[in-house]
Amino acid sequence: MIQPVNIMSLLLILSVLFAVGSSGIIPIIKVVALQGIIVTVLPLLLHQDLTTGSLIFGAVLMLIRGFIIPILLYYSITHVIHKNELDPVCGYNASIFAGLLIVIASIYISSKFSFPIIQQTPLILPAAISVLLGGIFFLIARRKAVTMVVGYLMLENGIYLIGASLSKRAHQVVEFGILLDVLIGVMIMGIVLFNIQRAFDDTDTALLRKLKD
Amino acid sequence: MMLEYLLFVPLIAGILAFIMPDKINRLLLVSTGIWNLGFSFYIWFERPEAIFNQYFKISPEGLLVLLVISFLFFIVSLYSISYLEVTKLSNKSVYTGSMLFFLATMSMATISDHIIVFWIAIEATTLASAPLILLHKTKESLEATWKYVIICSVGIALALLGSVLMTISIDIAGVDVSLTFSALTDSAGQLDKAWLKAGFIFVLVGYGTKMGLAPMHTWLPDAHSEAPSPASALLSGVLLNCAYLGILKTSGILFSADLGVFTGNVLIAFGLMSVIASATFILKQTDYKRLLAYSSIENMGIIAFGTGIGGIAAYGAILHLIHHSLIKSSLFLSSGNILLGYGSKLIDKTGSLAKYLPKTFVCFFGGIIGLVGLPPFGIFISKLLIILGAFQQGRYIVVSILLVCLLLISAGLMRYVMKISFNPIETTIALKEKPLLYLPQLTLLVVSVILCFWIPDALYQTIIQSISSISGGFNG
Amino acid sequence: MSSFILLAITILLAPFYAAVIQKVKAFFGGKKGPPLLINYFTLIKLFKKGSVYSESTTFIFKLSPIITISVSLIVLLFLPIAGSQPIFSFQGDVIFLLYLFGLSRFFTILAGLDTASPFEGMGTAREAFFSILAELTLFTILILFYLISNKLSLFAYFGKGQSIALWQTIGTPLILVILALYIVTLTENCRVPVDDPATHLELTMIHEVMILDHSGPDLALLELGAQLKLIFYSSLIACLICPFHLGSLLANTAAYLLILLGIYGMIGITESVIARYKMTKTPKFILFSFALALFATVVILEFPS
Amino acid sequence: MNELFLSLLLILIGGLLPLLLSRRFNAMKMFSILFICAGCILGLFPVAKGFFSGSKLTFEVDIYQYFSISLQMDGLSAFFLFPILLITILGAIYSFHYMNKPEKAFKTAVSYLFFSLLTISMVCVVLANNLFTFALAWEIMSLSSFFLVIYDYEKEIVRKAGYYYFVFTQVGALIIFASFGILFTFTGNLGFSSIHIIPENIKLLVFIMLFIGFGSKAGIFPVHFWLPHAHPAAPSHVSAIMSGIMIKMGIYGIIRFYILLGSSAIIIGQIVLAFGVITGIYGIVQALGQNNIKRLLAYSSVENIGIILIGLGTGMIGISLKQPLLAALGFSGALLHLLNHSIFKTLLFMGAGAVIQKTGIETIDQLGGLLKRMKVTGITFLIGSLAISGLPPFNGFVGEFLIYYAGFIGISFMEQSFIPSYFIILSLALIGGLALACFTRVIGIVFLGEPRTKNAEIAKEGGKSMLIPMAILSAACLFIGVLPGLFIRMAVTASKSIMVVPEDIMLSNVIKISSNITFAALLLFGVVALVFLLRTFAYKNKTITKSSTWGCGFTKPTPRMQYTGVSFAAMILDFFKPLAPAKIDHPVISGHFPKPTYYHSKITDIAETNVLKRVVKPILVVFDKLRWIQHGDIHLYIGYILFAIIILLLFI
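Protein chains in written order, with this note's numbering: chain A, 39 to 251; chain B, 21 to 496; chain C, 12 to 316; chain D, 10 to 661.
Here chain A stands alone, though its shape is the one from the complex (with noise of 0.2 Å):
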């Protein structure tokens, strides 16, 4: 029986690849909003504790993760860096390989953990942790400023997906204490970006070298 739960740690491991896969920086924004939505989604599935307050909580994170970052960084492309190529470290196909690997690493990774909740989703903890690994590669991988905050959210997005799945008791309000910080993180992020786009026109950290010793 196809539970929405493990159709949606599918989407998520197929987002990873693909925006692992993919050259513009607009379609790697997508896949972080639809990420967000999932993300928020699924542990309210997963635990079953439906109630309002929570619902609303729910919607809430939802709208932030979801929707007013991805608008955020969408905003800072278009309007700050008018640049949409992205020049990676390492080749396209190189990076399809990556992804593939990190999927392979993360459900190598799950398989040695025993979890009760595992047994009924095998699949969300391959999920959580290839989206994880996916942030770490955009971190490492890509030359572009962007391409960083991106990797950071994807990051943050891994991590709350295995704090809020494998432990049963999330506090609403730590939650969004989390959230704010990242929202308030993306922001500055974005400040400092615009300075770097007027300061070196031009957001490739290969620029970003010269303080060494």
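A hint or two may mislead.
Chain D side only, calculated, beta carbon under 8 Å to chain B, not exhaustive [said to hold, decoys possible]:
1. I211
2. L214
3. Y649
Coverage of chain A stretches by chain B, computed from C-beta distances (three or more under 8 Å per stretch; other residues unrestricted) [to be verified]:
4. 44 to 55
5. 90 to 104
6. 197 to 203
7. 216 to 230
Restricting the straight-line Cα-Cα distance to at most 25 Å, the calculated cross-link-like pairs of lysine-lysine (DSS-like) are [stated by the list, open to error]:
8. K73/C with K551/D
9. K304/B with K555/D
10. K375/B with K592/D
11. K59/C with K626/D
12. K248/A with K379/B
13. K250/A with K626/D
14. K439/B with K452/B
15. K586/D with K295/C
16. K549/D with K304/B
17. K549/D with K59/C
18. K60/C with K551/D
19. K379/B with K604/D
The hints are simulated quantities; they were obtained by calculation from the structure and are not laboratory data.
Where is the CB? At the ideal position from N, CA and C, for every residue including glycine.
Based on the hints, put chains B, C and D in the right spot on chain A.
Using the frame of chain A, we list chains B, C and D on its own:
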């Protein structure tokens, strides 16, 4: 008077700072500093209860770090009054606002007991201090801010992952305990060992990035040398202590879960790596603010080393923490004067400091003497304690490596400081040494000298309690 | 009382014995040579004359002859002449004597450098260097004597009463010691192989060049001091050769004077047979004596007869 | 004990006062010297009372719950307090005329502050009674002397010397702290009393580490080469204090911890003796090669430290062979030589300071004929040189005589190990001869002959306050040389606290030796007086004329034709080539029209070159290789974080 005032007053002041004109901003800065200092003393004696007491609770080590933060913020705010007049910062309101936010977030970190709330506070400190580094809007400061924000956020995200793994270790053990440091330390025995260790590693690496321990220290020299001097004084003096607070509390948990040997070895390894890494870059350095930044990495390494060893070395580590904050921030403030005077951060561009800026020379040279660990200043005592503790544990090789690196660092530091203070150079110095430009540094050094020879009993008891979990039977 | 007389005799005969060397050298050179009393005439002549002092000299130039002659006199006071009781003697006087020689050497060198002339500087440099090596030999010989007698005073070694019957106790290595002491005597008293007292070419001189600028009574004091020093060393060798147990005082003094004559003759012969060594060869020559003394000590240590 | 604190307080006021009234230069100096001297004199009374009554004054206060400062004065520390306080008084008086630059008023005030801090810290080092107080006083001593060395920091050599000295104090402190750490592990507390319970082989290891640590301060052979850099850089009264007393703190440390460790293994005595011999010979050979007068005196301090170590080594061997007479003689010889050295070395440095201040030249080959121009300095320098060469009527001879005596006595006891005593006597003889050559060279070149440069010609006598201390010190040299009784007894009582000495045999020997020396000195004076009368009688009505020196017929001798220091020592240095390799820079004359050539020769310190080449450079190269960590690329920085996590995860 609820504990959270500590948090809200600077927050509100920070928001106000953005709308007020500059003149009032400076007053706002100093008054919040005084208020915060007074309130932390009040907390120290009365120990009031927090409203959200499942998130915030006063712990001895948190209290120590809070006292250091508020004292230093007060001193730095005094310094920044004349600093803002002299320097030509474009947006002074951003400076005051983010300084106040910085104070708020750091205070929140010291009093927060819940693991995730502590994480939120530390993440907030990064975000509050990012604009401070951005102030000069030069290419280097942009690069430094970018590295600072990205590396710290990624690092701290891993710390969040670590905290999450800790919660998992609770679930697996099936024990119902609230997710606070104090509760966890009490019931650490029943937690699942493997997950606890994995959690500790992620937490250590996460907060270690923020604290500047060795492999993750790369952002620190750039950030601390590009920020304006009062900001880098706070960054180097106090922010690293907050990150250390997280590691201390988590290692407290593991010590009571009798995983002490594992945490000790890991902390010693990181401590040694940071001392070696900072030695490499202090020996050959061109920029004196980077020199001070690397010496912060070294001192944080020593503190981690001391905590790892435990016993009297842990006591020495806490002393080292206090004295290092005092001396390092006074040094950064003096380096601010040198930067304002000579206009360049390069050591070769500066010279005969003793002739041109005699008062700054006294503070700067005195601070370096303190940093190197010579008697009148407190680091001599803490370094001696850590060495004796290490020998007592019988770790001869490790402590001899540490001693050799400390020697090299003191040689490197002295070489460049003598070059700055005594090399004859003919320049005209724009800076006129106003009292508020050197008195703050002097007071910090004098406090370090006083604390070196006389520690008030209350402070001593707080220190003993703060290391009771990891000191293994050292009761003074 | 007898020791005072013996002291007076030695002081009076010192110039005579110095003339013996010149007589022997002249005999080897087929010349008649100066009369045996030549040194007395020169001393009296010098005492009658006035002095010429260079402008660059200070009071040290005048003090140095005084110190040299007084050191030579003091040294003789401690010497058990012909086995009799010396005027003064205390435990450790040997070290005191050696360091007294150092004091006289100190002032002679300073007097040499005082005159600001390059020739005197040359002599002082050589004197300072060779005396270091000579002292090593002397101290090794002292260690040897202490090994046997457990005492540190000249009288204990050569005095009639408790003299250590050297031939029985040391036996054959004594010859090495005598040879070593003989070489040291040649170096310390500027005899031929090390230094040439007769020449006036500054390149070759050591001792003569240091007293080049002295004149009148100063020169006389220096000459007398040198002769007394020579007789002190020779009497040391004499005591080593035969330790004077011939019963009556008169016999002892006669034997002593005879042996002295033999030693001076020996010095005269060495001066006329060997030419002066190259400056670089002299350290090897002195170290040879040090090796002899060291070897003698080792032999005695290993095979205590 | 509280009079001692009152005196230390006075000295501290003497240090702080000048900072306030640095406007009026002379008044500031006057007040500061007044207070420092008053403090020292006041301090002498309790020390003398404590020393002769043999009572132990103790004082204990604990800073906070863990550490405690405890001071205690026993025989040995009282013996060391005498030279500290006396030489400080004379150094302070000397500094009045020496610091004669009013434009540097504030810097002089600061140097007086550190001068008084140095004195106080030395007194505390000697009185320290637990590891913490010793470490604290030791560090303050190094720090205050560092600031004194970099007094005139405009000059490049002074900065280099200051940096050298700072690194050396850190090296020494590091080794000493490490050995304190080992002591702490085995005794569990920081007190001195419980040190002797540690196991035997650990005692040896700790002693060796302490020997190296204290040796770096005392100037023992391989770790001595900061001395020739620091002393010429410091102002003369400071280098006098440093060379006279401060390096003795290293010797005090060695003796104190030898007592505390209480191990009587013979290997310790042999190590100390061996290093003493090497240091002695090496120091004096290097001194012969130096052209800078203060570097020369610094190396001669190294040599005298060697002699002191020889005495200590003899004493230690005496203890391990259970021969109290040999041990007592060795220790008292070493302590007496230490006292004498602090007197004549301070005298020589003050003389050198006066010469440098008046002529502005430090190299001896550009001076000459100063005895005629600076009479008092010349005479006192002559007396100092006579004393340092250990010649009879002066105090140098007394210390060396005792060590010789111990060496000779050692022969009869040590049937099986004849070699140590053989080394003692021969090394002392060699050092004595070389010292004589070295100091005749200094006096001959600097004070006698004709002035070689214009500055040497116009030199005039130093200030009154510089001559008084020099005169007092030379009088002291003569007094101790002629009447050593009191001082030998002091040395014996001090060495009594080093080991149990049966009262009876010691006193009889002591009285006999001192009466012998007094008799010998009086005999020397008598005969010299007699000969002097004879000479004046001979010169009664003789014509004395003045003319130029006899130049073997050469009529126009110029001062440049005089013998120079380098040529004087050339033969000796050639003989000791391996100990003092010369670096000669002399482009060879070649081609038909050869360019003008020059000749520079410099005696290099083999310890310095080897340590720098084999120890310091490899470390710097290794650390240089690690520099790539900070190459600026942000991606790799994040890679470091992941790398750290992966490595750690393997260890779970």
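Going through the hints against the structure:
no. : hint               : result
1   : I211               : violated (12 Å)
2   : L214               : violated (11 Å)
3   : Y649               : holds (4 Å)
4   : 44 to 55           : violated (count 0)
5   : 90 to 104          : violated (count 0)
6   : 197 to 203         : holds (count 3)
7   : 216 to 230         : holds (count 9)
8   : K73/C with K551/D  : holds (15 Å)
9   : K304/B with K555/D : violated (65 Å)
10  : K375/B with K592/D : violated (38 Å)
11  : K59/C with K626/D  : violated (71 Å)
12  : K248/A with K379/B : violated (34 Å)
13  : K250/A with K626/D : holds (24 Å)
14  : K439/B with K452/B : holds (22 Å)
15  : K586/D with K295/C : holds (15 Å)
16  : K549/D with K304/B : violated (76 Å)
17  : K549/D with K59/C  : holds (11 Å)
18  : K60/C with K551/D  : holds (7 Å)
19  : K379/B with K604/D : violated (53 Å)
Checked against the numbered hints given earlier, this structure breaks hints 1, 2, 4, 5, 9, 10, 11, 12, 16 and 19; the rest are met.
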